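Enquirer: Sequence:
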Amino acid sequence: MIAPINDSNNYHDIWHVDYIRMPCSPQYMANNGQPMWQRICLALNQLKQKCENKKANFRDLK
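In terms of UniProt numbering, the sequence shown is residues 1 to 62.
If you're looking for bench data, these hints aren't it; they were derived computationally from the structure.
Treat the numbers as computed from the prediction; the structure is a model and nothing was measured.
Take every hint as true, because none was put in to throw you off.
Below, a list of computed lysine to any residue pairs in the SDA-like style, where the Cα atoms sit at most 25 Å apart:
#, residue 1, residue 2
1, Lys62, Ile20
2, Lys54, Ala43
3, Lys62, Asn32
4, Lys50, Met36
What follows is a list of derived Cβ distance ranges for each label pair:
#, residue 1, residue 2, range
5, Asp60, Pro26, 25 to 31 Å
6, Ile14, Ala43, 21 to 27 Å
7, Lys55, His12, 39 to 45 Å
8, Ile20, Gln49, 26 to 32 Å
9, His12, Asn57, 38 to 44 Å
10, Asn53, Asp18, 38 to 44 Å
11, Met22, Lys48, 17 to 23 Å
For every residue, glycine included, the Cβ atom is placed at its ideal position computed from N, Cα and C.
Could you build all of it, start to finish, from the sequences and the hints given here?
Expert: Below, the structure is given as structure tokens:
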């Protein structure tokens, strides 16, 4: 899994309606309770592979 950039002096994971919700936040969950960051990383890695193999098309970017 791709680790988010984490500057421990500046980054604070706050999950509150008044803050932007970061995709790497452990609080960002799918409906099934799984962290979204893993799904995002998987999708990006799959897209990267398609691009490297020159098999990506515009539907892959949706």
